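**Student:** The listed protein sequences derive, respectively, from chains A and B.
First residue of the first sequence: 1, per my numbering; consecutive thereafter.
First residue of the second sequence: 1, per my numbering; consecutive thereafter.
Simulated from the structure, these hints should not be mistaken for laboratory data.
As the structure is a computational prediction, the values presented were derived from the model and not from experiment.
Virtual Cβ for every residue (Gly too), placed ideally from N, Cα, C.
A hint or two may mislead.
Claimed, not checked - Chain A side only, calculated, beta carbon under 8 Å to chain B, not exhaustive:
{"hint": "1", "residue": "I20"}
{"hint": "2", "residue": "L117"}
{"hint": "3", "residue": "L121"}
{"hint": "4", "residue": "Y130"}
{"hint": "5", "residue": "L133"}
{"hint": "6", "residue": "M140"}
{"hint": "7", "residue": "A144"}
{"hint": "8", "residue": "H260"}
{"hint": "9", "residue": "I262"}
{"hint": "10", "residue": "Y320"}
{"hint": "11", "residue": "G321"}
Unchecked claim - Computed, partial: chain A to chain B, Cβ under 8 Å:
{"hint": "12", "residue": "Q26"}
{"hint": "13", "residue": "W27"}
{"hint": "14", "residue": "I28"}
{"hint": "15", "residue": "L30"}
{"hint": "16", "residue": "G32"}
{"hint": "17", "residue": "G33"}
{"hint": "18", "residue": "I55"}
{"hint": "19", "residue": "P106"}
{"hint": "20", "residue": "L110"}
{"hint": "21", "residue": "N148"}
{"hint": "22", "residue": "P151"}
{"hint": "23", "residue": "P163"}
{"hint": "24", "residue": "I170"}
{"hint": "25", "residue": "I269"}
{"hint": "26", "residue": "L329"}
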Amino acid sequence: MAITRPAGTFDKSYAQDMAIIRTRWQWIMLIGGLVLLFCLPAFASSRYLNVINAICITIIAVHGLNILVGYTGQINLGQAAFMAVGAYTSGILTARLGLSFWIALPCAALAAGMVGLIFGLPSLRVKGFYLALATLAAQMIMPALILNVRPDITGGVHTLVIPPPSIFGIKCNSAQSIFYIIVPITLLMTFFAKNITRTGIGRAFVAVRDNDLAAQLMGINVFKYKLLAFFICSLYAGVAGSLWAHWARAIHPDHFTLMHSIWFLGMLIVGGMGSATGVIFGVVFLRTLDEITKVLGTSIATVFPALIGNIQGALSVSVYGLVIILFLLFEPRGLAHRWEIFKASYRLRPFPY
Amino acid sequence: MEALLQYLANGLLVGGVYALIAMGIVIIYKASGIFNFAVGQMMMFGAFFCWTFIEQLGLPPLLSLLLSLIAGAALGLLIERFTLRKLIGQPVLSAIMMTLAVSYFLGGQALGFFGSYLRPLPRIFSADPINLGGVVLASDLLWSFITAMVVFGLLALFYQRSRMGLAMRATAESHQIAQARGINVRSVFSLTWALAGIVATIGGILLGYRLGLSNLLASIGLKAFPAVILGGVESIAGALIGGLVVGVLETLAGGLINPWIMEITPYIIILLVLVFMPEGLFGLKRIERI
């Protein structure tokens, strides 16, 4: 985004040209922001911290989806199912086998990645809504398998209760303490997500998205890169699922439904596809909106007691549907696009261009 | 043997309704290339319309049926007019997300207006099962199957004989050629959605009559997707055969293997068809050019 670069900043080497953070002020802002973020548990209440934890976990899942949908152009309606695989792998390893969270996390990521590979296979032959249906099948099949195949291991219809993870011998069983596990991992995954798209792999993904036949003619192994994108996508879902399991500490297949998968896709639409910043915007926007509708629903229910029970769910689902419809109609490139426009016009002020 | 026949019969009868819902998806796809994920919610709304007219307003069943068909058509028209018409030329993900978002919006509205508890539709047909030489046919199932097949036949006749039906088929063939022959493609899209709204309403009423009305009804719409994929998205005959096959396989898997397998059989069918035979039984093979 050369246009948003402050005047007088010149590149003297390739490394400088490729850097994401260019100026001293950007470094200061970044470090200051991180320090603020990590001080947050000292003064924020558990309720807000839990919202932030949920946002961070969702950001990881949507980053994966962004690499698959935004960069590679494949459609995935089953991200929540892959998250469930990660959550249950992690849950079973820690609760049933007594392994540490730090071993369970990579195992969960790999297990979800493998499942993602299997359900990514149809992408080699079909695209568009056919692929959407193939991943929808994943979304419907995985929870049913978790519920029914070995209920003695997964807990079946009962929730699987998971011990809290520990770091440096400290048990992380509160919103404050698990914040220090979730946020660094989110930052790390964001860093990877941002950078993977700047490598040769990322450019191959974009080529496959723009036209897979043309990409193949240019010597890109479409087979390999589509599966790789599915693998990375579900890897991210696995990490998110594992964190979710240890954050919620009780998991059930109902926490990973088609609704959640569509929600993730909606966050991608709202934020803007193919942009790591957009992912963060989209997740924060929709999660905050969800919290607001929850509060609103509760206050409506206190005024009209007859509506209690339905109004909250109805409000949050309708508002969500409406937001996606409005974004698709009026801002199909998402908040990230709006943000770029804002940055450009801020820099050029007072001139229009 | 007796049990097998029983499962086959049940599966066929259930599949008839799936076929009808699948038909609603196919006609939209043929005309506009949009896969309607909101079909389940349209069904549910159709059934709720019918319930409102009968139970809340106390209208006679036949009149309320007619009114709910009109309301269903209006719902289809509204969806097309305000959401999908503006998406022409956008990538396929936008259309998919749009129908999903519409399904969410409708689902939320239904939850708000009608609540989440189960409501029965009034009985019209007698509930006595019909015994055919050892195979027992539940009368609800039988009636809904017969209705579905009659509607299917009428729609096929509409597509074969009526001027509008021919215009729709021409549009499905090629938008440009249809326009060159003086067909208003935009109004064909609208009418297709209205027709799909009617079909979904009928499907919803049939399912609601058998299972009772609740927002779970919408999730049965998902069962029509395998039928569409198996039959081939462009084929109306494929929707019929796909629906029947999915119904039979689902019932057989549920009866002979394990009840929970029944829930995921349709989706296993989707995966197998997409990996080994992506165009389905009667779909068109797509040839891509750069």
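**Student:** Going by Cβ atoms only, is M140 (chain A) closer than 8 Å to chain B?
**Tutor:** 5 Å, holds
**Student:** With chain B as the partner, please determine if P163 (chain A) meets the hint condition of a C-beta pair closer than 8 Å.
**Tutor:** Violated. Min distance 29 Å.
**Student:** For the restraint on I269 (chain A), tell me whether the closest CB of chain B is nearer than 8 Å.
**Tutor:** Holds, because the Cβ-Cβ distance from I269 (chain A) to chain B comes to roughly 6 Å (cut-off 8 Å).
**Student:** Per the CB criterion, is Q26 (chain A) less than 8 Å away from chain B?
**Tutor:** 33 Å, violated
**Student:** Was the hint right that I20 (chain A) lines chain B, CB cutoff 8 Å?
**Tutor:** I20 (chain A) check fails; min Cβ-Cβ to chain B is 27 Å, beyond 8 Å.
**Student:** The hint names L121 (chain A) as touching chain B; please verify it with the least Cβ-Cβ distance against 8 Å.
**Tutor:** 6 Å, holds
**Student:** Is the hint on L133 (chain A) kept, meaning its closest Cβ partner in chain B is under 8 Å away?
**Tutor:** Check passed: Cβ of L133 (chain A) comes within 6 Å of chain B, closer than 8 Å.
**Student:** Mind checking the CB of I55 (chain A) against every CB in chain B and telling me if the closest is under 8 Å?
**Tutor:** 20 Å, violated
**Student:** Should the interface hint for G32 (chain A) be scored as holding, given a Cβ-Cβ cut-off of 8 Å against chain B?
**Tutor:** 37 Å, violated
**Student:** Would the stated hint for L110 (chain A) survive a check requiring a Cβ distance to chain B of less than 8 Å?
**Tutor:** 22 Å, violated
**Student:** Report holds or violated for the interface hint on P151 (chain A), using the least CB-CB distance to chain B and a cut-off of 8 Å.
**Tutor:** 10 Å, violated
**Student:** Hint validation: I28 (chain A) versus chain B, beta carbon distance must be below 8 Å. Holds or violated?
**Tutor:** 39 Å, violated
Going down the numbered hints, you'll see the structure goes against 1, 2, 8, 12, 13, 14, 15, 16, 17, 18, 19, 20, 22, 23, 24, while the others check out.
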